[in-house]
Amino acid sequence: MSDKNKTIQEKMAELQALVNWFQGEDFTLEEAVGKFSGAEKLAETIEKDLSELKNDITVIKQRFDVEA
Amino acid sequence: MDDVLLSVSDFVSLTNQTLEYAYPSVAVVGEVSEYRISQGKWVSFKLKDAGAVISCFAGVYQLRTPLEDGMKVVVVAAPRLNPKGYFNLNVRSVKLVGEGSIKKGFELLKAKLEAEGLFAPERKRPLPRIPQRVALVTSTESAAYADFTRILNERWGGLKLEVAHTQVQGEPAADQMIRAIQYFNQQEVPADVLVIIRGGGSAEDLSTFNDEPLARAIAASRIPTLVGVGHEIDHSLADMVADVRAATPTHAAETLVPDRAEIIRAVRQQAHSAGQLLLQSVQQYRERVREQLEGIERRVDDQMARAEALLLSTRSLLAELNPMKVLARGYAVVRGDPKVGSEIMIETEKQHITAEVTDVRQK
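Taken in sequence, the protein lines are chains L and Z. Mapped onto the working numbering, the consecutive letters of the first sequence carry residue numbers 1 to 68. Mapped onto the working numbering, the consecutive letters of the second sequence carry residue numbers 69 to 431.
Hints may contain errors.
Unchecked claim - Far from chain L, some chain Z residues (derived; all Cβ distances over 10 Å):
hint: 1; residue: 72
hint: 2; residue: 95
hint: 3; residue: 119
hint: 4; residue: 386
Said to hold, decoys possible - Simulated pairs of lysine-lysine, DSS-like, Cα-Cα distance not exceeding 27 Å:
hint: 5; chain 1: Z; residue 1: 228; chain 2: L; residue 2: 6
hint: 6; chain 1: Z; residue 1: 228; chain 2: L; residue 2: 11
hint: 7; chain 1: L; residue 1: 61; chain 2: Z; residue 2: 228
Hints are computed from structural coordinates only; laboratory data are not their basis. The structure presented is a predicted model; accordingly, all values stated were derived computationally and were not measured. A virtual CB, placed ideally from N, CA and C, is assigned to each residue, including glycine.
Given only the sequences and the hints, what does the whole structure look like? Please build it.
Structure representation (structure tokens):
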């Protein structure tokens, strides 16, 4: 899935996984700089998404004042 | 009409036709007495006041609240003369009136639903932390709806909210809300959360949310439910059966979604903590390398010291073995063939002497 198609929740889970990686056993200094850079970019994307996204509100046409 | 001869059956039919024409539906207020349920299906009671009494009949399904003798009610009914000659009211709906009756009805229904386990904590389902699809049942003309959507938009984005507009007070409200709940529950892809909201009002306005079928519809929802009705002090049966209760519609919006400002802060903190962890790790690596270098340095120093000590002791031993040091102690080195008549060389600390051997004896 490309980054564009990911939901905010998925991006937040990805960021959490990156942070966990820094505390886990797979941590290597060689990879850490790249991972940190990825975490920073992801945080910026999430912040941008959160600031820009609007809610989609629809009042459904179905009437409930009469039995269907 | 005394010139028309009617059979008893005709008279009863004619009376009922007249009643139906004149009073298709009447609302009568009175006190319940002699309340009975037959075969679990039929309800009968007397409705009385200080001066009169009338029999009432209903199906159990028509009662939306438990009744008890002494309760004050408004009965909406059709007056009928039955073939056995008894006049009664065929009940369409019963509504509790008066604070005492409303409270009593609430307590009776609450006890009934509680006994069925509908309020049990183990039934409560958690709401997703960040829902993506939300179904809302409310009046879109209400202030509660305006407050709810305003708070929702302030706090969060990217949410798909479907709204079912229904009445939220008055007699048709409960059935409308039940239909809306059923509509959302029948969707192929159900919403993540079903929200029901209504602003504050009088006890009578809010009594819709103490309706038994509505409470059961909320309890039966396959979509987790969030109910925010009235003010903080108001408690309805709809609240109690819901998976999550919000004190007000505004609180429902706050409960439903996180605050984006808080999430942004948390996300920044996460990225910052990754940076901190990276710096810590670099520091730890540096410490480890420094310790290793110090270890190497210590080992080199040890080896050097050991080599220096060895050299020193060897030099001192060599110094002890120096022949000049023996000569200095008064000894001499004799070179040549030690035979009588031979010439030999004698070396002392300070002299070289040539001598002739005059005598040789074995020791």
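Hint by hint, here is what the structure shows:
1. Look at residue 72 of chain Z: its CB is around 42 Å from the nearest CB on chain L, clear of 10 Å, so calling it non-interface holds up.
2. For residue 95 of chain Z, the requirement that its beta carbon stay farther than 10 Å from each beta carbon of chain L is met, with the minimum near 21 Å.
3. Look at residue 119 of chain Z: its CB is around 39 Å from the nearest CB on chain L, clear of 10 Å, so calling it non-interface holds up.
4. At the 10 Å boundary, the C-beta of residue 386 of chain Z stays outside the reach of chain L, the nearest C-beta of that chain being 53 Å off.
5. For the suggested pair residue 228 of chain Z and residue 6 of chain L, the alpha carbons sit about 16 Å apart, so the restraint of at most 27 Å is met.
6. Taking the CA atoms of residue 228 of chain Z and residue 11 of chain L, the gap is near 18 Å; set against the 27 Å cutoff, the hint holds.
7. Taking the CA atoms of residue 61 of chain L and residue 228 of chain Z, the gap is near 16 Å; set against the 27 Å cutoff, the hint holds.
Hint compliance for this structure: no hint is broken.
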